[in-house]
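Given the coordinates of chain A, assemble chain B onto it according to the supplied hints.
Chains as they are written, first to last, in my numbering: chain A, 1 to 294; chain B, 1001 to 1414.
Hints are computed from structural coordinates only; laboratory data are not their basis.
It is possible that some hints are incorrect.
Taking lysine-lysine and the DSS-like style, the derived pairs with C-alpha atoms no more than 25 Å apart in a straight line are [as the list claims (entries may be wrong)]: (1) Lys126/A - Lys1249/B; (2) Lys126/A - Lys114/A; (3) Lys1166/B - Lys1297/B; (4) Lys1242/B - Lys114/A; (5) Lys1051/B - Lys114/A; (6) Lys1249/B - Lys1093/B; (7) Lys1242/B - Lys126/A; (8) Lys1245/B - Lys126/A; (9) Lys1166/B - Lys114/A.
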Amino acid sequence: MDLGTFVSQFISGLSVAMLIFLVASGLTLIYGVLNVLNFAHGSFYLLGTYFAFQLMQLIPNFWLGLVAGVFGAGVVGMIIEVLFLRRIYGRPDEGAFQLLMTYAFILVLDDAVKFIWGPEYKTISKPPIFSGSVTIGPVVVPAYNIFIILVGLVVVLFAWYLLNRTESGKKVRASSIDRQMLSLLGANVPLIMTVVFGIATAMGGLAGVLAAPLRTVTPGAGIEVIIDSLIVVVIGGFGNFWGALLGALIIGEVLSFGILWWAELATVLTFIVMIVVLIWKPEGLLSTKSAGGK
Amino acid sequence: MKKSFLVAVLIVAWLTPLTTVFSAETIKIGALYTMTGRGGQYGKDSEVAIKMALDEVHEKGLPGDRKLEVIITDDKNPQYAVSVAKRYISEDKVKFLFGIISSAIGLAVTEVSKEQKVILVGTDHAATDLTANKFQKYYFRSANNTFQSMMAGAMYLKDEVKNWKKIAYIGPDYAYGRDQWMEVKWGLDKLGVKYEVVGEYWPKLYEPDYTSYVTAIMKAAPDVLIVGFWGGDTVSFIKQAKPYKLFEKMIYFHVDAGGNYEAMAALADEMPQGLILSARHHNNWPDTPENKAYVQKFFKAAGRYPSYAASGAYVGIHMIAEAIRKVGNANDTEALVKAMEGMKIQCPEDPPGFTSYIDPATHQIVQVQAIGTTVKNDTLPPAKYMLGNWKVYPAEKLWPISEYVEYLTKAKGK
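If we strip away everything but chain A, and leave its shape as in the complex, we get (with noise of 0.2 Å):
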């Protein structure tokens, strides 16, 4: 294989996976902190492209829009975390509830969506300063995937200074370790747990409107994410950020050279590597109990 073939490729495995990244980092770090498995993170990644699709029909205007996706899935998943899974944090079934309520919320905000946007496919254009592409020798590269490239490590390294250098960030994993003890030491766990869960699913919508340029804005769109994302976060390890992280590199690079070599069977690849940690590591190649991954 050439250099240009191995460049576009992993370019390509990479755009993938931060993509991937960066719903499944809002899906683990739910886990990590609140212990709930949220099936409907992919419902905010929903959310998140037709708040800025609304946005986008009054303004056109992407950024605005991405502000308007990013702000209403993270303010909906705050009301759903107070209103809701509140209720259920500690009952003798826990499990069973977030499975069940969560589960229920991807119909309820499917449905909600189909019933307030109608059924049918909507666009998102791209911003026009990332409309063109870069070419470096045989190499193309969409100047969009480059920025959704950027995004993904800005976030990494956001969410790194949070979690290791601010006094929230303590507290953020402190509570994934010991929620009792933070509270007796003084902490407002509840707001904490509410307050992640809305930056969670605020990453969903990001990933949402990151995405609708070059995807199809329609209901049932975060059904699609989901599968993936919860690949990646048992492969990285549940509640585990960077896990995550490392879990969405390997599935995207699999996929993108799994499709150049072995095109037969690309998406079973994954599930492949999937279910080799599970063998070797099953709790996930980077799993600890801290949301932080210390």
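For chain B alone, coordinates are given in the frame of chain A:
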């Protein structure tokens, strides 16, 4: 006495019209459509088209002033759809099963139809099997199957596309995608076209990210990329492939569902020019009063132009009504089957001088297939490109082709 007689007359007079209303039989049709998720648009559009067709049928009237009533349920998956179909028959006493978008569900529900001897009119799913190797006498289809599109496509490649040899294929990794690839290759072989396959790519249905597929296809560098996507997958692929300049380096050829109006509406000005596409119904072809009236009527009812799925549902209801008119009732299933076999049915997609008909041997509707290329045209917004430069393939050259049915039966079994 006189007074009580008068009261009795008045009561009888009051009850008479009611009796007439209640004696008019309501014929129930049990429909299954995908109403949620990405396929929900097709279910919703079919629902609008059913309502349009019912209004027309009732305006014209049915024998004995009968009325049609359509019950619609979200079909979800094959197992669930089978249970709903059985419930429709046993509890709702439907006389017909109807609809279905997914071929997997169509293949499951046709078994119920066969076992219970209830007519199933398939309006959307396109797996050729249902009117070929999996044929059963109670199944009818009111829209083209994938073979009809792909055979027309093979003819187009042979006659209209010059200087090509290398082909690659990308399509969803399930029966619908696999069948199209098999059918276009069969068609090319049958026409004696020489070609070289340089790549096959099988993303899952509803794959959100095609970036790595695009770069792999660019590396394979086919002259023609044959595409078998359905629904929103077409939109995602085109959006993601465009910045790589894929459409400038190879011919994009997508003739079963690539020309679906909803994809052109979603892509708007991002749709590249010159792509070779087709669909089972076009909103701008044929340019007949019938097609225009159908499209505008749908727009008036839904506030948007129809997706391809609506036409199959619209035609399917008219097929049922016509069969009931011929037989005089909906209770004699065997007579209804006979009435539908060979039935001529005017469809919005029929060009002047042609009327679609049901092939008596396979129960497949036989229609022309028009293939076009994308050209600027904003007469049906929000689409900014529509198909033009049409090439039309005669219906009888596309179906039935017994040689292919035999080939399919050998390849897949009965």
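Each hint, compared with the structure:
no.	hint	verdict
1	Lys126/A - Lys1249/B	holds, 23 Å
2	Lys126/A - Lys114/A	holds, 23 Å
3	Lys1166/B - Lys1297/B	violated, 44 Å
4	Lys1242/B - Lys114/A	violated, 28 Å
5	Lys1051/B - Lys114/A	holds, 20 Å
6	Lys1249/B - Lys1093/B	violated, 56 Å
7	Lys1242/B - Lys126/A	holds, 12 Å
8	Lys1245/B - Lys126/A	holds, 16 Å
9	Lys1166/B - Lys114/A	violated, 42 Å
Taken one by one, the earlier hints fail for this structure at numbers 3, 4, 6, 9, listed in ascending order.
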